[in-house]
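There are 2 protein chains.
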Amino acid sequence: MAGENKARSNREIERKFLVKWLPDDLKRRRHWIIEQGYLATESAGRQVRLRKTGKATSLTFKVGRGSHREEREVTLSPKQFAALWPGTAGRRLRKVRYEIPCEGLLIEVDIYGGRHKGLVVAEVEFPNNASCGRFEPPSWFGREVTGEKRYSNVRLALN
Amino acid sequence: MAGENKARSNREIERKFLVKWLPDDLKRRRHWIIEQGYLATESAGRQVRLRKTGKATSLTFKVGRGSHREEREVTLSPKQFAALWPGTAGRRLRKVRYEIPCEGLLIEVDIYGGRHKGLVVAEVEFPNNASCGRFEPPSWFGREVTGEKRYSNVRLALN
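Here the protein sequences come in this chain order: Z and W.
Using our numbering, you'd call the opening residue of the first sequence number 1 and step up by one each time.
Using our numbering, you'd call the opening residue of the second sequence number 160 and step up by one each time.
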């Protein structure tokens, strides 16, 4: 799999919410431990992120803020990842991500660990603007925090 | 070569100079066209750079300023490079690099193209601090510009 390329170069449309309570069946959902760290970040949401999801390792470039972002991601070989990961020291976070299918969409619930223990955030990605606009949050969603810097992963990793 | 890792994770010791005149035999030296662009840059010299040297493609993470920098570099497959390169739009530069061996050291002469046409810079990398301190610049070297932001590749690419 070394150097295999994940062809994903697109604009993301997503919304982010705090979570009032966790769904009862959460533990039965597919979930992974995610570790991620940032090599470099700029204003305007420009960032280069390394991520390890289970054994899968990747590098992601993002630019833009809020519900619309440009994102470019490539799979890294374990050696590539190991060579770059030390550059993220002091800029990392760890979370468990649960996937919950919901009315044709996918809700990703992130339960943060370490110094952000207690923080739970739900993200939903949409195929287009119309779908994004008409989304009705389920009852267990709390306040919408789309685009709030305080809840961005970059900010959480740097703080 | 996909995903092959170039094991290079170290501290660089280097000095940079302007060039008063080009050595007569320059055209006979080994040289390459280098295209590079920056995915993200921060203060304190933190940056993620993509580079194409001939057909070789790489991603380099750097942090630190002046003559001492931490650098981590991995070779990218052509597909990985192609997926990430568009993220450097508007933050690129192009130069021809000549390699000139000199008293056990290697001088790299960069002749910039595009909007920086006319700029020529020489860089020397040293194996240790002692070698760095006792270096006597050849007569064709001009003013030393080590650590001057104005001549950093990041600044040149962004301006």
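Worth double-checking, as some hints may not be accurate.
[As the list claims (entries may be wrong)] Residues on chain Z that point at chain W, a partial pick, calculated with CB under 8 Å:
no., residue
1, Glu35
2, Leu39
3, Ala44
4, Val48
5, Lys52
6, Val63
7, Val74
8, Gln80
Hints listed in this document are in silico derivations from the structure and should not be mistaken for laboratory results.
Each residue gets a CB set at the ideal place from its N, CA and C atoms; glycine is no exception.
How the hints compare with the structure:
Hint on glutamate 35 (chain Z) is violated. Least Cβ distance to chain W is approximately 17 Å, over the 8 Å limit. For leucine 39 (chain Z), the suggested interface contact is upheld, since its CB lies about 5 Å from the closest CB of chain W, less than 8 Å. The beta carbon of alanine 44 (chain Z) is not positioned within 8 Å of any beta carbon in chain W (closest approach about 10 Å), and the interface hint is therefore violated. Interface restraint check: valine 48 (chain Z) against chain W, minimum CB-CB distance 4 Å, threshold 8 Å, status holds.
A cut of 8 Å between beta carbons decides the hint on lysine 52 (chain Z): the least distance to chain W is about 15 Å, and the hint is violated. Annotation: interface hint on valine 63 (chain Z) holds; nearest CB of chain W at approximately 7 Å, less than 8 Å. Nearest Cβ of chain W to the Cβ of valine 74 (chain Z): about 4 Å, under the 8 Å cut. The hint holds. Residue-level restraint check for glutamine 80 (chain Z) holds (minimum Cβ-Cβ distance to chain W is 4 Å; threshold 8 Å).
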